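Peer 1: Going line by line, the protein sequences match chains A and B.
Sequence positions in the first sequence follow our numbering and run 1 to 86.
Sequence positions in the second sequence follow our numbering and run 1 to 298.
Quick caveat, the hints were computed from the structure, so don't treat them as lab data.
Nothing here was measured: the structure is a model prediction, and the numbers come from that model.
Keep in mind that a hint or two might mislead.
Only part of the chain B face toward chain A is listed, based on derived beta-carbon distances under 10 Å [what the hints assert, rightly or not]:
#, residue
1, Ala42
2, Arg48
3, Val124
4, Glu146
Built from N, CA and C at the ideal position, the CB exists for glycine as well.
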Amino acid sequence: MAALNVSVVSADREVWSGEATMVVARTVEGEIGILPGHEPMLAILAGGEVRVTLTGGEKITASAEDGFLSVHADAVQVVASRAELA
Amino acid sequence: MGAQLRVYRQKIKSAQTTKKITKAMELIAASRIQKAQARVKASTPYSRAITRAVSAVATYSNVDHVLTTEPETIERAAVVILTSDRGLAGAFNSQVLREAEELSELLRSQGKEVVYFLVGRKAVGYFQFRRRASEQQWTGSSENPEFELAKDIADAVLEAFLRDASDGGVDEIHIVYNRFVSMMTQTPEVVRLLPLEVVEGVEEPDATVQPLYEFEPDVETVLDSLLPVYIESRIFNALLQSAAAKHAATQKAMKSASDNADKLIIDYTRLANNARQAEITQQISEIVGGADALVATK
Chain A
1 MAALNVSVVS ADREVWSGEA TMVVARTVEG EIGILPGHEP MLAILAGGEV
51 RVTLTGGEKI TASAEDGFLS VHADAVQVVA SRAELA
Chain B
1 MGAQLRVYRQ KIKSAQTTKK ITKAMELIAA SRIQKAQARV KASTPYSRAI
51 TRAVSAVATY SNVDHVLTTE PETIERAAVV ILTSDRGLAG AFNSQVLREA
101 EELSELLRSQ GKEVVYFLVG RKAVGYFQFR RRASEQQWTG SSENPEFELA
151 KDIADAVLEA FLRDASDGGV DEIHIVYNRF VSMMTQTPEV VRLLPLEVVE
201 GVEEPDATVQ PLYEFEPDVE TVLDSLLPVY IESRIFNALL QSAAAKHAAT
251 QKAMKSASDN ADKLIIDYTR LANNARQAEI TQQISEIVGG ADALVATK
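So here's chain B without its partners, still in its complex pose (with noise of 0.2 Å):
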């Protein structure tokens, strides 16, 4: 066998191991997509719930709370990033990344500082390699996040946001994470945590048919105890989001690369049987030259 032959049959052997091991990733991340979707869709009613009693706090109301009010000057904004453990997955973790340093560029234009919270080990790696610091840092349950993974969040954020800004304390917070939009689609969003805006599902209270709500014990308590719940259930929200993005986007990656393993597989077995008839053409050839000259010499 020809040298060049065996090159293309080493290529073609190594474009099919390739091939099989990304199908099977595909398969994996795309049943995975399914259980990460329920979940998401199993833990709409909670976030439903909390936003609905939020939104009555805030229009049966007038209170101010501290989660709420805007601080006349901001020194420092936090950025939560939501990255996932492992590769694999096409632009996934590059575009949600690219997002937080336009946010970062955003927030320093306006004299903000900007801090990190970033959760997943490739954002963990995108700033360690950079040399930049970053307040908190959260790895290993990314593909499939537990409610504590958001309560641990939550909690740090608050913390910061709650301390004085004199103390290293952040009067904003952002949170960057990748919307899971269709199988096809998974689009990097920001969205601003905290202070609060109660937007989602406010109603406009009809003047004449106010129901009084029952705050129990009151108003400040059940306020001081469910946002905090809110912007758990928030972080939790965005979570289950980038989880099942992230499926999305494994099993985006993968099919491609089968595909292109599968024209790879196509292009050198041509090429591989170009070779051979060209090996086989040369012994021909050479085969009547031979016999040629053997008749020449008699």
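With the rest of the complex left out, here is chain A (with noise of 0.2 Å):
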């Protein structure tokens, strides 16, 4: 299965990067998962954790505040003014 680039960016760097197979975080609408083949979206994130699965199963969360959430052809960017690895 493809796996999803991601990376976690923040104002004044890149937080974090690398591939994993999931990747589920808090939009104001809910939670959602990302799986590889999900379609293009824009979300607004809801204040709170990114939870990032892996390719080899280790799962890495991240807290990012009032950003958004961009899905593109397995390419998942988790944008924040503030954002750091918890």
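Reassemble the complex: the two chains are provided individually, in unrelated frames, and hints are given to aid placement.
Peer 2: Here's what the structure looks like:
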């Protein structure tokens, strides 16, 4: 299965980037899970954690505040003015 | 020691001390450029991501938004000027202020009133000296701008933009700053922030394979929260560019100051040698003349 190219970006730097199998984030409408092959989308994040499951099965979490999430052709970007790895 | 010689020696000393200072400032600036440039680079993924998202919205939907629509009549325009807090940077501040003046001239000739938002002590001083009014000022953190500063500025200009023109709101926002081109060149640049022209990187959607973007919760809300962020990132980028350019300008100015000090030292050393030689020559001729006179009287 194809992997997702995930990057977590804050205003002053790229916090994390790498490959993952799943991204779970909380948007203003509720939690959303993104798997490879997801349709393109843009969503506004509600504050909170973004959970990324890496290809190896490990999990990392990042906290992102007032940002957005964009998915396009298996590239997922979590963009927030303040974001850091938890 | 002759009076002339002493004066020259003093001048050499003072040039040497000045050179020590300018040399130190040059080295400090040089090391800061690297850091400032790294920050510009580090913030690129963010602005790229936002630009991509904004152009995605612009391309895959056709909603009109307050921030993107051109008002019919523009009564007032705001100009944000980014300068530094400290001088000793050559033409850095004067060129950006000159550019701002030219822009204001142009805007006024189009019948628009101009209001100013100033960043950096130099711009504030320039306006104070000329007793000109400005809407808002930020000083003290232009050397190492934090994102909060960009947010503050963005909030202020957006607030002014969204206010009605009759309440003193503005219909257009321009930003003037020094762009870091290279170590040697920094050029003043004028960018119109609002109304937004989403031109950068907008790809024409291919009519056949147009991926359907899903917006959550909906296009308007996404655009509503995305555009201010886009403005913030543009301002933040300008702030970082300006900071990097300032350090580069300082380095260049201090380098030429050190070079000038070197030249002065050489010139004065030559003059001092001349004066010393003249003094010795005079002493010899005095002695010879004295001896001759003694011989003659015998």
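Peer 1: Now look at each hint and say whether the structure bears it out.
Peer 2: Verification of the supplied hints:
1. Ala42: With a minimum Cβ separation of about 4 Å from chain A (threshold 10 Å), the hint on Ala42/B holds.
2. Arg48: Status holds, d = 9 Å.
3. Val124: Status violated, d = 25 Å.
4. Glu146: Interface hint status for Glu146/B: holds (8 Å vs cutoff 10 Å).
Checked against the numbered hints listed earlier, the structure breaks hint 3 alone; every other hint is satisfied.
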